[in-house]
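Using the hints, position chain B against chain A.
Chains as they are written, first to last, in the working numbering: chain A, 1 to 407; chain B, 1 to 361.
There is no bait here: all hints are sound.
Pairwise CB distance ranges, derived in the manner of DEER restraints: (1) A/Asp277 with B/Ser354: 26 to 36 Å; (2) B/Thr16 with A/Tyr229: 53 to 63 Å; (3) A/Pro361 with B/Asp132: 25 to 35 Å; (4) A/Gly330 with B/Leu12: 17 to 27 Å; (5) A/Ser402 with B/Glu31: 35 to 45 Å.
Hints are computed from structural coordinates only; laboratory data are not their basis. Every value quoted in this text rests on a predicted model; they were computed, and no experiment measured them. Don't be surprised by glycine CBs; every beta carbon is placed ideally from N, CA and C.
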Amino acid sequence: MPISFDLNPGSVSGQKEMHEIAVTHMRPWSRKYDVHEHEMPWEFVNPMWARATGKGVKLDGSPGDGMVTVCVQTEELCWGDAGLYLRSPSPLLGGSAVAAAGTPEQREKFLSPFRTGKPKWGAMAITESQAGSDAANIQTTAVLDEKTNEWVLNGTKIFCTAGDAALTHEGGFVVIWATLDKSAGRGGIKSFVVTAGTPGIKVVGCEKKLGIRASDTATLVLENCRVPYNHLLGKAEVKKADDSKGDKGFKGAMATFDASRPIVAAMAVGVGRAALDFVKEELTRQGVKIRYDSPPTQQTAIERDVIDMEAELQAARLLTWRAAKMIDRGQRNNLEASMAKAKAGLAVTKITQKAVELLGPPGYSQKLLVEKWMRDAKINDIYEGTQQINQLIVARRILDYSSSVLR
Amino acid sequence: MIDFQPTDEQQLVIDTVRNFAANEIRPKARECDESKKLPEKVIEQAHELGLVANALPESAGGGGERSAVTGVLVAEELAVGDLGIALAILSPALCAFPIAEFGTGEQKEGLSRFVGTRFVPGSLAWVEPRFDSDPFRPKTTARRDGGDYVLDGAKCFVPWIDGADPVLVVAAENGTPQAFLVPRNAAGLTAEPERNMGVLALPTAELKLNGVRVPAAAKLGGDNGADLRRVLNQGRVALAAMAVGVARAAFEVARDYAKERQVFGAPVATKQAIAFKLADMAIEIDAARLLAWEAAWKLDRGEDATREALLAKRQSQRIALDVADGAVQVFGGHGYIRDYLPEMHLRNARGFASFEALALV
Numbered sequence: 001m002p003i004s005f006d007l008n009p010g011s012v013s014g015q016k017e018m019h020e021i022a023v024t025h026m027r028p029w030s031r032k033y034d035v036h037e038h039e040m041p042w043e044f045v046n047p048m049w050a051r052a053t054g055k056g057v058k059l060d061g062s063p064g065d066g067m068v069t070v071c072v073q074t075e076e077l078c079w080g081d082a083g084l085y086l087r088s089p090s091p092l093l094g095g096s097a098v099a100a101a102g103t104p105e106q107r108e109k110f111l112s113p114f115r116t117g118k119p120k121w122g123a124m125a126i127t128e129s130q131a132g133s134d135a136a137n138i139q140t141t142a143v144l145d146e147k148t149n150e151w152v153l154n155g156t157k158i159f160c161t162a163g164d165a166a167l168t169h170e171g172g173f174v175v176i177w178a179t180l181d182k183s184a185g186r187g188g189i190k191s192f193v194v195t196a197g198t199p200g201i202k203v204v205g206c207e208k209k210l211g212i213r214a215s216d217t218a219t220l221v222l223e224n225c226r227v228p229y230n231h232l233l234g235k236a237e238v239k240k241a242d243d244s245k246g247d248k249g250f251k252g253a254m255a256t257f258d259a260s261r262p263i264v265a266a267m268a269v270g271v272g273r274a275a276l277d278f279v280k281e282e283l284t285r286q287g288v289k290i291r292y293d294s295p296p297t298q299q300t301a302i303e304r305d306v307i308d309m310e311a312e313l314q315a316a317r318l319l320t321w322r323a324a325k326m327i328d329r330g331q332r333n334n335l336e337a338s339m340a341k342a343k344a345g346l347a348v349t350k351i352t353q354k355a356v357e358l359l360g361p362p363g364y365s366q367k368l369l370v371e372k373w374m375r376d377a378k379i380n381d382i383y384e385g386t387q388q389i390n391q392l393i394v395a396r397r398i399l400d401y402s403s404s405v406l407r
Numbered sequence: 001m002i003d004f005q006p007t008d009e010q011q012l013v014i015d016t017v018r019n020f021a022a023n024e025i026r027p028k029a030r031e032c033d034e035s036k037k038l039p040e041k042v043i044e045q046a047h048e049l050g051l052v053a054n055a056l057p058e059s060a061g062g063g064g065e066r067s068a069v070t071g072v073l074v075a076e077e078l079a080v081g082d083l084g085i086a087l088a089i090l091s092p093a094l095c096a097f098p099i100a101e102f103g104t105g106e107q108k109e110g111l112s113r114f115v116g117t118r119f120v121p122g123s124l125a126w127v128e129p130r131f132d133s134d135p136f137r138p139k140t141t142a143r144r145d146g147g148d149y150v151l152d153g154a155k156c157f158v159p160w161i162d163g164a165d166p167v168l169v170v171a172a173e174n175g176t177p178q179a180f181l182v183p184r185n186a187a188g189l190t191a192e193p194e195r196n197m198g199v200l201a202l203p204t205a206e207l208k209l210n211g212v213r214v215p216a217a218a219k220l221g222g223d224n225g226a227d228l229r230r231v232l233n234q235g236r237v238a239l240a241a242m243a244v245g246v247a248r249a250a251f252e253v254a255r256d257y258a259k260e261r262q263v264f265g266a267p268v269a270t271k272q273a274i275a276f277k278l279a280d281m282a283i284e285i286d287a288a289r290l291l292a293w294e295a296a297w298k299l300d301r302g303e304d305a306t307r308e309a310l311l312a313k314r315q316s317q318r319i320a321l322d323v324a325d326g327a328v329q330v331f332g333g334h335g336y337i338r339d340y341l342p343e344m345h346l347r348n349a350r351g352f353a354s355f356e357a358l359a360l361v
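Chain A extracted, bound-state conformation:
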């Protein structure tokens, strides 16, 4: 295939479908669930679930362009509303973890419930109060009870997106990162699936946030939470970390990010585009035209700002699609995924801030959604690896440094 920027028909139809959902089932409820933080947005959830379970419209994603299509659709939904998107009744990041590190049996077991019954959610819990970016510092423990062949989990997880929804609706699950052996460092860290209704895990609260308020961000406490042996994703073997080789398990878990970062980048692009589209529409209403063929000396400050915003947004989008396309090609995209995430997170943070500025006083008002988009956008520069963590990953790759050399 030569270099091409033509989305395939599957991506285009998926894009249209998601745009329709965004307009019909998301935008009308954007402000409501920004104000009513943590409430379940059934007006959005029900039609999404109906669609996901085949009662609604079916997806026509043609094979071979899977992740690009996912990114295109994600952008569209987050153009609708990023907070509501994160309440999509779906396996979300938990699903990415199971898909990336699980066996075919595990995929069937944990993901197939998402095709039937009532709405359900998946989630992934990595972060702890002392271990966010420093994921190797996880304190939650997993111990094998050899008598019952069960894993016993203990610890506290914070910032778990959709954790509340996942654990309070039957069929949902949370992927918990825990260590089998703290002395092994990152080599001891494994991920475990805890399904809704499992004794010993509870949601003790949800965070009040700057943005994406429709999304529940849960604190989970695990107290002797027992899960069957086969809920471990990947191998139980612990390799002592010498940082460069002995951490394949951890690397496997981190590989989830290679798949999820392009999606988060696409989410960012969606929020950024919402703001940019609105600014351009408003300028058109006000009779301000963006002249792409005038010299810098004649462009207004607004024209320049808008052109720069467009360039930054498209730059972020193309990096995102490239990282996604590599997944579809079966290529390792660790570097490119972090590039996309770093670029998109920061670009839309700036784009949405500029959008509020360009709209003057109304931009700051809650009568419009632009101020909300600015608040929503910022999370993309933080979660799924902060800007700085992604810079660190990119830096290690381009410099060919291990994590022990470039810390």
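For chain B alone, kept in the frame of chain A given last:
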């Protein structure tokens, strides 16, 4: 279907040009910048690669494989070697591409000179020496007078390599930009050699056109004229790719230096302040490259790429400047010294905001 991988053929071209840039161009970059002279042997060697000739029509003896996407791949790689030398190598296209695309039968006869065994440079005069230079609306005018056109105005950044004759001059005819083939020795045409901040290896001139008279047949495309907007967009995409190339050159030397340079007992690249700067450079370079590719792809589809070309050029000229400035900073004091390349990259990168149509894809 969406894809970001060059074809096998294009990859071969990339590899060839990359090696040529590294082995032949880069070693001459500093010397040519200092002497303000082109490396003639290198230019001839590059000509043998057929980078421009491959894109010219078969009827003119070319390869018939014009592609803006291939063009940006080549332009970036050459510019990694050196911007001034790269512009010289690609200069035949300045004249040949517009003629191939829009020229009359008679004008196209002149194309064969670009596919011979010897390098023949080209020249295109577009930018004007004033602060509000507007490539879509040149102040230089072409007025029809009987069987002639009369050209008046001024041009700058005109590649002025010996042998580039005639020069293609852009002038507004009734407000619409058109191009005219003007012999170098035309009466009323004066060329003053320029001294600019960067791109010193490439000879350029400021032209004054004072009642320059050319026959009507000298107008590109004859009575039909030519779509100069498209040519300008081809220029913007080419320059975007070359800005990416300059940025990459600056990034690569900064990266390598940072891994060598010891501070506090370790390479300075092991410090996050430097490592993150390099990471940002790498990200922006890749992003700008994709914008250039997208604009090129749009050109190849024959669509209006005005917006995409503008976005690509603006983004890449900005990041080229940022990256080159960052490279100087990574080198510290040495970055300011002409023994090292970053100061040259910085001077060259600054040019893109002012340049238009100095190369075409």
